[in-house]
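Asker: Below, each chain spelled out in residue letters.
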Amino acid sequence: MSKKRNSGDQDFEGTITSDDVLGKDVIDPDGAFLGIIEKLHIDPRTLEIVGITIDKGFLKKGLFIGRGYIQKITKFAVFLSIRPAYDVKGMAVFDTQGKKVGTVREVILVGQQNRIRSLIVQSRILRKHFIVPRDFIDTISRSVFLTCDKDVLERMQLELKA
Amino acid sequence: MDEILTTTLPFGETFNLKKLLGVRVIASNGLIVGKVSQLRVDPKTAKLEGIMVRHGLFRRIYIDTTYFQKINPASIILAIEPCVLLKGRKVITAEGEVVGTVRAVERKELTNDIKEVVVKPFLKKSFVIPVASIRSFGASLILRPSYHVEKKKLWRPGL
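Those protein sequences? They're chains A and B, same order as listed.
Read left to right, the first sequence gives residues 1 to 162 (my numbering).
Read left to right, the second sequence gives residues 1001 to 1159 (my numbering).
Treat the hints as calculated values from the structure; they're not laboratory data.
Be aware that one or more of the hints could be misleading.
To be verified - DMTMM-like mimics (lysine to aspartate or glutamate), calculated; alpha carbons at most 25 Å apart, straight line:
| # | chain 1 | residue 1 | chain 2 | residue 2 |
| --- | --- | --- | --- | --- |
| 1 | A | Lys61 | A | Glu13 |
| 2 | A | Lys72 | A | Asp138 |
| 3 | B | Lys1090 | A | Asp55 |
| 4 | B | Lys1087 | A | Glu154 |
| 5 | A | Lys72 | B | Glu1095 |
| 6 | B | Lys1070 | A | Glu154 |
| 7 | B | Lys1019 | A | Asp149 |
| 8 | A | Lys39 | B | Glu1097 |
| 9 | B | Lys1018 | A | Asp149 |
| 10 | A | Lys24 | B | Glu1097 |
| 11 | A | Lys56 | A | Glu13 |
| 12 | A | Lys99 | B | Glu1013 |
| 13 | B | Lys1035 | A | Asp149 |
| 14 | B | Lys1044 | B | Glu1095 |
| 15 | B | Lys1090 | A | Asp87 |
All chains, please: the whole structure from these sequences, using the hints.
Answerer: If you want it as structure tokens, here you go:
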């Protein structure tokens, strides 16, 4: 194969192409496979890559991840430096007493950053909705653990409604 | 109600152990392990020694109280993620290459301390990875960059 001509002033040795990235697995720091890269987004003015769109699977909404959250691109996958906050959706929520409050129905972020502002939690019984502000969330791993009891949450909802 | 006790907790500060049957058992990472199906007591000391957890339809896991972080009437939170639940998880290199899935976990006796992990690649023989070569245990097991998986070709003998 003939050597490619370089008509610009950049050395393209060591660079990768869109073929090397599209279709690759996207993995978060926990080792979870989020999907595959469907699109690369490029700023048309600066020609810089600004982010990727992840195809999460059949009938699932795509997820755009900004370049700042990409840790590294390897031969086999793209690693993110964050766990997308939207992954919290569907997780079980427990209070300090270990009682299940419900499941996460919606995640409200701070602007477009990967920071949670609040969660909307739906309880299975009576289909009640709770808004849980960030300050009431203790830890998020495979489930969400709150810093308060379910009773405190219910009282808070009444205060919010009033 | 009459109470007869010496130095143990008063009645009001205890709770009925029977209420623990059927409660959820949650691992330290929030994974729901299962529900309590049995409470096991030391017959000599009358102390709660451990619980039997029903995981799924047929699997049962016995966990002793050393691994408990918190006991609530609504759930028991463990201080660990039971390593026996690692089976079936993907094992990936630091480069993101999937090398196989966890087939078995070799522990130090019956503790939750892992010695090594048996990994089964697709259509190939299983191999063993020592725990020191595993960087993290999460949704997948991620290996350290220093660990190199030996590449075996299908046509080579001893595969």
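Asker: Please go over all the hints and tell whether each is borne out by the structure.
Answerer: Each hint tested on the structure:
no.: 1; hint: A:Lys61 with A:Glu13; result: violated, 36 Å
no.: 2; hint: A:Lys72 with A:Asp138; result: violated, 29 Å
no.: 3; hint: B:Lys1090 with A:Asp55; result: holds, 20 Å
no.: 4; hint: B:Lys1087 with A:Glu154; result: violated, 39 Å
no.: 5; hint: A:Lys72 with B:Glu1095; result: holds, 9 Å
no.: 6; hint: B:Lys1070 with A:Glu154; result: holds, 23 Å
no.: 7; hint: B:Lys1019 with A:Asp149; result: holds, 19 Å
no.: 8; hint: A:Lys39 with B:Glu1097; result: holds, 21 Å
no.: 9; hint: B:Lys1018 with A:Asp149; result: holds, 23 Å
no.: 10; hint: A:Lys24 with B:Glu1097; result: holds, 11 Å
no.: 11; hint: A:Lys56 with A:Glu13; result: violated, 32 Å
no.: 12; hint: A:Lys99 with B:Glu1013; result: holds, 19 Å
no.: 13; hint: B:Lys1035 with A:Asp149; result: holds, 21 Å
no.: 14; hint: B:Lys1044 with B:Glu1095; result: violated, 53 Å
no.: 15; hint: B:Lys1090 with A:Asp87; result: holds, 19 Å
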